[in-house]
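Visitor: Start from the sequences and build out the full structure, keeping to the hints where you can.
Under the working numbering, the first residue of the sequence shown is numbered 317, with each subsequent residue one higher.
These are computed hints drawn from the structure, not numbers from a lab.
Please read all numbers here as calculations on a predicted model, not as lab measurements.
We put the CB at the ideal spot given by N, CA and C, even for glycine.
Take these hints with a grain of salt, some might be off.
In silico EDC-like cross-links for lysine to aspartate or glutamate, where the CA-CA straight-line distance does not exceed 16 Å [said to hold, decoys possible]:
#, residue 1, residue 2
1, K386, D423
2, K454, D416
3, K444, E459
The following label-pair restraints were derived from C-beta to C-beta distances [claimed, not checked]:
#, residue 1, residue 2, range
4, P455, G399, 32 to 38 Å
5, S353, E458, 34 to 40 Å
6, E358, T332, 24 to 30 Å
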Amino acid sequence: MPSLRHTLAATALQRTAIGSIAMQAENDPALFDELVSLAGDENGTVAWHAAWALEQVSRRRPELLERYRKEISRRAVTEPRHGVQRLLLSIVNRMPMPADIDTELFDFCLEGMLSPRLSIAVRALCIKIACRICMRHKPLSEELRLHLEYGDEESLPTGVATARRNA
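Guide: So this is what it looks like as structure tokens:
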């Protein structure tokens, strides 16, 4: 049987294969740990497929990812590949916000929401996550409001402008 890394390295993995890997990982703690680790793999295909499987888990059983919150958040803010970053931020967005403020994540979201170097999906997720953090930590709301008011909405991509209006 091929290793999980070898399976995830296949360039043509389909949604059903990713779903199957995600379901297996939900019931196998060792496989789940390996999947979390592979989301940070240097091979972009492996990392993307691992993050995609974890994102599928987060849709059904976000509580399984709770103990990896800090690791996933840290990876999300430092990940150079936009696809993997988007998937990791989607996972973070599905998890309940912790009582402690993740300042690295909040700062990344504030800087990233209007950054043209990030993908539109990542920027929209930054706005959503920053809003969720502010709902839990009201004193940060003013800082978020100031960031959201900065810039001309007409110059923003539609996805970012919509997330900004909904914030």
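Visitor: Each hint: holds or not?
Guide: Against the structure, the hints:
A hinted pair counts as satisfied when its Cα atoms are at most 16 Å apart, and K386 with D423 qualifies at roughly 15 Å. At most 16 Å may separate the alpha-carbon atoms for a hinted pair to count; K454 and D416 meet this at roughly 13 Å. Under the criterion of a C-alpha separation no larger than 16 Å, the hint pairing K444 with E459 is consistent with the structure, at around 15 Å. Our hint of 32 to 38 Å for P455 and G399 holds, since their Cβ atoms are close to 34 Å apart.
Roughly 38 Å separates the CB atoms of S353 and E458, a value that falls within the hinted 34 to 40 Å. A hinted range of 24 to 30 Å for the beta carbons of E358 and T332 is consistent with their spacing of about 26 Å.
The structure fails none of the hints (numbered hints given earlier).
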